[in-house]
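**Student:** Read off the chains here:
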Amino acid sequence: MQEIKRKYVVPGDKVIEGNFRPLMNVIKAGNSIIATRIGIAETGRDGVKVIPLSGVYIPRVSDIVIGKIIDHSSLSWEVDVNSCFSAHLPAQDVFGRDFSPARDDMGKQLAIGDLIAARIIAFDRTRDPMLTIQDKDLGKIPHGELLKISATRVPRLIGKRGSMIQTIEQATQTRILIGQNGIVVAMGRNLDGIKLATRAIRMVEEEAHTANLTQRVKALLNVPDSPQTEGSTIIQRPNNQKDEIQSTIEEVEEEIEGEKI
Amino acid sequence: MSQAKNLINGSGRRTDGRTADELRQIKITVGVVKNADGSAFIEFGRNKIVAAVYGPREVHPKHMALPDRCILRCRYHMSPFSTDTRKNPAPSRREVEISKVMRESLEPALILEDYPRAAIDLFVEVLQADGGSRCAGITAASVALADAGINMRDIVSACAAGKIDNKIVLDINDTEDKEGGADMPVAYMPHLEQVTLLQLDGILTPEQFNECLDKAIGGCNMVYEIQRQALMQKYFGNETELKEEQ
Numbered sequence: 000m001q002e003i004k005r006k007y008v009v010p011g012d013k014v015i016e017g018n019f020r021p022l023m024n025v026i027k028a029g030n031s032i033i034a035t036r037i038g039i040a041e042t043g044r045d046g047v048k049v050i051p052l053s054g055v056y057i058p059r060v061s062d063i064v065i066g067k068i069i070d071h072s073s074l075s076w077e078v079d080v081n082s083c084f085s086a087h088l089p090a091q092d093v094f095g096r097d098f099s100p101a102r103d104d105m106g107k108q109l110a111i112g113d114l115i116a117a118r119i120i121a122f123d124r125t126r127d128p129m130l131t132i133q134d135k136d137l138g139k140i141p142h143g144e145l146l147k148i149s150a151t152r153v154p155r156l157i158g159k160r161g162s163m164i165q166t167i168e169q170a171t172q173t174r175i176l177i178g179q180n181g182i183v184v185a186m187g188r189n190l191d192g193i194k195l196a197t198r199a200i201r202m203v204e205e206e207a208h209t210a211n212l213t214q215r216v217k218a219l220l221n222v223p224d225s226p227q228t229e230g231s232t233i234i235q236r237p238n239n240q241k242d243e244i245q246s247t248i249e250e251v252e253e254e255i256e257g258e259k260i
Numbered sequence: 000m001s002q003a004k005n006l007i008n009g010s011g012r013r014t015d016g017r018t019a020d021e022l023r024q025i026k027i028t029v030g031v032v033k034n035a036d037g038s039a040f041i042e043f044g045r046n047k048i049v050a051a052v053y054g055p056r057e058v059h060p061k062h063m064a065l066p067d068r069c070i071l072r073c074r075y076h077m078s079p080f081s082t083d084t085r086k087n088p089a090p091s092r093r094e095v096e097i098s099k100v101m102r103e104s105l106e107p108a109l110i111l112e113d114y115p116r117a118a119i120d121l122f123v124e125v126l127q128a129d130g131g132s133r134c135a136g137i138t139a140a141s142v143a144l145a146d147a148g149i150n151m152r153d154i155v156s157a158c159a160a161g162k163i164d165n166k167i168v169l170d171i172n173d174t175e176d177k178e179g180g181a182d183m184p185v186a187y188m189p190h191l192e193q194v195t196l197l198q199l200d201g202i203l204t205p206e207q208f209n210e211c212l213d214k215a216i217g218g219c220n221m222v223y224e225i226q227r228q229a230l231m232q233k234y235f236g237n238e239t240e241l242k243e244e245q
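Same order as they appear, the protein sequences are chains A and B. For the first sequence, numbering that gives the first Met the number 0 begins at 0 and goes up steadily by one. For the second sequence, numbering that gives the first Met the number 0 begins at 0 and goes up steadily by one.
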């Protein structure tokens, strides 16, 4: 791993002085880079960013989110994605290009109150997020236990290369879907398993910024600590949580796309 | 302005035993309101104030939304039991004014352009008042905003200075405010070194004004350290430096 300098910051703190590229949650003021959020500042080769530890979900293009249908017009569904912007799912995305509002009954496909896994295909400062469910593993979520966690805890819940969520899934015999917007759905036949998974997820949310969390989650789930599954990347180092928080959005997406949903 | 009694005694102590440059005891707790996105509780001497931040969230009514940035809505309110005699809970002229100045003192620190068409709601509830509650409110609100994870250029710290017995002192309390010569609340961004609120009630000479402002800014810097510590404590515990590994 190349050299990455990390430090704790609060808004207004100077992260570093010099000619660096501001990446995320930082602003450039004169010759220095200033943090704009509470979190862990990282200065790497490609620039400076702050990994936030608090905040609500702000949509980003290509995020996978879990949302609830709250309304529909004649051409699109309105979806609550746990953000200050409500998202839209065009009817053509579900019915195909020959969608006709007169012929097709939107309520039959997705009713108000339904839960969907979707990807954000367009979002900018002027437009509300636009969703699609046309992809592998996207679409209506038929059943499951719904949980809301802070969106900043999502990378931690997934863990490095999915380690945390895999541990929880295997130990509780459940399938867990995680949206980048902090909405989590636990599914499975075993009710006790879902209960246990819920407790583990809550524990990860509450103690996300503490060290050795994977060990404690394993203790809660009665999983023996196996060094093989952990690998050499996350073993009891004092700040292993920073490695995990680091899991980039891309990694997280791969996890969700490839395995979880 | 006439003064009924001596507010500074022979040994230079004020009515509550402080020296001229001494702040009251300040304690800030972060994250006290479970349902809020960010919150803080401040004890500023005998002031007890809760600040809660909700948002960024959808704007209702929708016509208030701005296309290019977020709106900040602020409500400063004193509980009926916060004062000696019961206070009518309806917003008074004073509360409306403080809500406004509080909003205006926090807006420069927030990067509102990052959240277009959204709103941030800030509620500041005074549970116990003892002079300087707007400064304590701004201080708590700023911590709550940082706790809510809203992009900020800097944290806003606030502190008052004033004149009692013709002497400039830091952090005026209720008695000193009522019986003293002048009260100057100041809100300040310590890193940017910019003043976001400056009010003055009373009469000061230009020299006294400068001295008072300098003293208040010094107080803001002290308040900032407490704000920073409170935030650090909540998010990183007692660790202040990240240990390097690899």
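Simulated from the structure, these hints should not be mistaken for laboratory data. Positions of the beta carbon are idealized from the N, C-alpha and C atoms, including for glycine. Certain hints may be false.
Non-contacting residues of chain B with respect to chain A, defined by C-beta distances greater than 12 Å in every case (computed) [stated by the list, open to error]:
| id | residue |
| --- | --- |
| 1 | Gly30 |
| 2 | Arg74 |
| 3 | Asp153 |
| 4 | Thr204 |
| 5 | Gln226 |
| 6 | Met231 |
Pairs of lysine to aspartate or glutamate, DMTMM-like flavour, derived with a Cα cap of 20 Å [said to hold, decoys possible]:
| id | chain 1 | residue 1 | chain 2 | residue 2 |
| --- | --- | --- | --- | --- |
| 7 | B | Lys61 | A | Asp12 |
| 8 | B | Lys233 | A | Asp79 |
| 9 | B | Lys233 | A | Glu206 |
| 10 | A | Lys27 | B | Glu103 |
**Student:** If a hint holds in the structure, say so; if it doesn't, say that too.
**Tutor:** Here is how each hint holds up against the structure:
1. Gly30: violated, 9 Å
2. Arg74: holds, 19 Å
3. Asp153: Since the minimum Cβ distance to chain A is about 4 Å, aspartate 153 of chain B lies within 12 Å and the statement is violated.
4. Thr204: Given that every Cβ of chain A is farther than 12 Å from that of threonine 204 of chain B, nearest at about 34 Å, it holds.
5. Gln226: Check fails; 8 Å does not lie beyond 12 Å.
6. Met231: violated, 7 Å
7. B:Lys61 x A:Asp12: Violated, at about 35 Å.
8. B:Lys233 x A:Asp79: violated, 30 Å
9. B:Lys233 x A:Glu206: Distance ~12 Å between lysine 233 of chain B and glutamate 206 of chain A Cα, so the pair holds.
10. A:Lys27 x B:Glu103: Violated, at about 24 Å.
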